[in-house]
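J.: Chains as they are written, first to last, in the UniProt record's numbering: chain A, 1 to 414; chain B, 1 to 414.
There could be a bad hint or two in this list.
All copies of an identical chain are treated as equivalent in the list; a pair is satisfied when it fits inside any one copy or across any two copies.
[To be verified] Distance condition first, Cα-Cα at most 30 Å in a straight line; then the derived DSSO-like pairs of lysine-lysine:
#1 K129 <-> K393
#2 K161 <-> K393
#3 K295 <-> K385
#4 K277 <-> K393
#5 K265 <-> K393
Just so you know, the hints here were simulated from the structure itself, not pulled from any lab data.
Here are the chains, one letter per residue:
2 protein chains.
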Amino acid sequence: MNTHTYVEIITIGDEILYGQITDTNSQWMGTELNKIGFKVIRKTSIGDTREEILNILDEAQKRADVILITGGLGPTKDDITKKTIADYFGVDMTFHQEVYDNIAELFRNRNRELTELNRLQAEVPSNGKVLMNEVGTAPGMWFDSGNKTFVSMPGVPREMKFLMTNHVLPQLQKKYETPHIVHKMLRTMGIPESVLAQTIEDWENNLPEFIKLAYLPRFGQVRLRLTAVGEDKTELDYAINEQVELLKPLLGDKLFAEEDVEIEKVIMDKMITKGLKLATAESCTGGLLAHRITKMAGCSAFYNGGIVSYSNDVKHSQLGVLKETLESYGAVSEQTALQMAENVKEKYNSDFGIATTGIAGPDGGTEEKPVGTVWIAISTPTETKAKLLQLTKQREVNITATTNNVLQWLNDHL
Amino acid sequence: MNTHTYVEIITIGDEILYGQITDTNSQWMGTELNKIGFKVIRKTSIGDTREEILNILDEAQKRADVILITGGLGPTKDDITKKTIADYFGVDMTFHQEVYDNIAELFRNRNRELTELNRLQAEVPSNGKVLMNEVGTAPGMWFDSGNKTFVSMPGVPREMKFLMTNHVLPQLQKKYETPHIVHKMLRTMGIPESVLAQTIEDWENNLPEFIKLAYLPRFGQVRLRLTAVGEDKTELDYAINEQVELLKPLLGDKLFAEEDVEIEKVIMDKMITKGLKLATAESCTGGLLAHRITKMAGCSAFYNGGIVSYSNDVKHSQLGVLKETLESYGAVSEQTALQMAENVKEKYNSDFGIATTGIAGPDGGTEEKPVGTVWIAISTPTETKAKLLQLTKQREVNITATTNNVLQWLNDHL
């Protein structure tokens, strides 16, 4: 068995076309489907218009076995998905008591009153199987049409994820047989894509047919993704690992992780294993460093906390940067960065302190220190040092790139 | 003139289908196109396969006037877009000296050596007009095909944005006439979508034909978007403002902004106008609050900085929360939150202090204080008070929702 089950993802909503929200649903769905061997062949976003919905349903079922639809199921008037699906199948709408009871209970728990619109939410096309939505009011709907499957889900990410995890993915696995797909992600930093490609060219040319390589560049890092497709999972694992072992010596210290984890996760694992504690002092990154760390469950085992020192006053009074330093060298200077890293380490009773100070932009640059001038510093148990970065003119890029750089530099010291 | 110019956006890359990157390009493009009156009718993501690319180009030109393609132009082997576009038009590839010189100069500036792959990057389909990419190596390409236009751009967001801003959008405006589109966004909080819909039902039913309303719910906020399409911009502006004035009394204090700005932007404007300063003390939000504030250019005019106190030790030593408080009531308590907000205000010499402390999860909950138990506090020039939130089991939702709640509460006090 080596045939693919093809999936198409359709997101409905004018707000996506107008760019007023980012579609994160289809990324999450792609990841989860891929893990269990379904092949996403296309993702389409269309507007809330009857004709567009009818067209895409018809097109999609020609290409794919499974059509997953999100969006357009809210209680308000701009959502016409459900009625259009009923028309597509040529069926009526039926009132579904269990769905209505679920809505009523959700509203009771939140002390809200039901409206007439909520009653309409309990209507579903008569050929659909209801997928109960325990975390919201709009139900999911499953339609079998020959060996094709259509599923409609609300666009609220939390509700879509609940329905996918508890209903859709398990039922798809029952209905379709799928090949094995094995991915391996290697994360590199400090080497541009074209140089990397040349470095590993011979290795790449000798990859077996059933293993594909992709380069995924992002913020100065390149992720390498190996994908093997076949029948026997053990064989695929073996073949991929064999290739990875050949590749690793070519990558050297540019390789920082052999899985798709962020650098902060690598740091967390190392620091917890070694019993080390971290503190952060942020000026230009303004809390993003702390946020990236504290997004991870379990971070309190190694992260003591930090200071966001956005004014010179705070750099002096809270971080103990000397007044003379701020006056002579300025807030964006090697000397300030060094004191920030060392002092936050001491004050927060930690083994490592890291610090950022720079001109994120768009304003605040000078001829001597243009926008994008950033100092990062690290204080280890044995030394404190600083490094100058020359970044871009764009505030958000500078904030993110500084955060990546200081995390990578910390990782080098662990 | 009232005909629409239809645009289709195509993003190419297996990594998008596999869910390994989020497509943020098409959102940005949708926003920019919409501003100048082009109507995006569809967004499609497909894989890096020749057949898929040929199919979608052919389908898209049947529906749209302008086809904008991003992705698949990198220097490495998984990218086949350029060659396939040449085949689609039935033309050869030509070496383009100016593109090569640009690549060579970029590499000189970064002290890197050119590889053979970079030479291939300077080849373009012979019927394409090159759009010079000053911020990267892959050129943009513009193809006129009757009154249809195809544009191919690299997938790196910074490069795509450079090409769109400097070449594509201005040239599209020259080539096509477009109707006027006027949007107005109203942001509400604290009222669920279905209740909101009922509240404004009569008003909505009386909207003129050429004005459309959409509900955009997100994290406990609902944005209302009014869209008017027509020939005369002055008339559209007038008509939309008239409707907004009718709507506002119905929304009352649930309306927090009359434009699509985040709550932190509303706060920044108010605090700078009033000459007020802010400090933050974060436990469970772990820096996100500071990051949301410092993402905004100009924030140093009102934000002094903050403390991320992830350990009890830091809450006591850096924030001055009393040991007895931490022992008797715990770190997640009204008493701790009150001291955090008040002390950070004093220490950071600010007018307002806001604080968060809670159990973000997934672990760390108890029967008395389950995951999702969060205290937020605010210290104004005249009083300090705290509020209990009962949130969800999901760490990321709790971090974001706490941040939104404390910002909204602060805004209520300004």
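J.: With reference to the structure, classify each hint as holding or not holding.
T.: Outcome of the hint check:
1. K129 <-> K393: Between copies only: 28 Å across chains, 53 Å inside a chain, cut-off 30 Å.
2. K161 <-> K393: Cα proximity of K161 and K393: across copies only (14 Å, versus 38 Å in one copy).
3. K295 <-> K385: For K295 and K385, the Cα distance is within 30 Å both inside one copy (27 Å) and across copies (27 Å).
4. K277 <-> K393: between (34 Å within a copy, 27 Å between copies)
5. K265 <-> K393: both (29 Å within a copy, 21 Å between copies)
The structure shown violates none of the earlier numbered hints.
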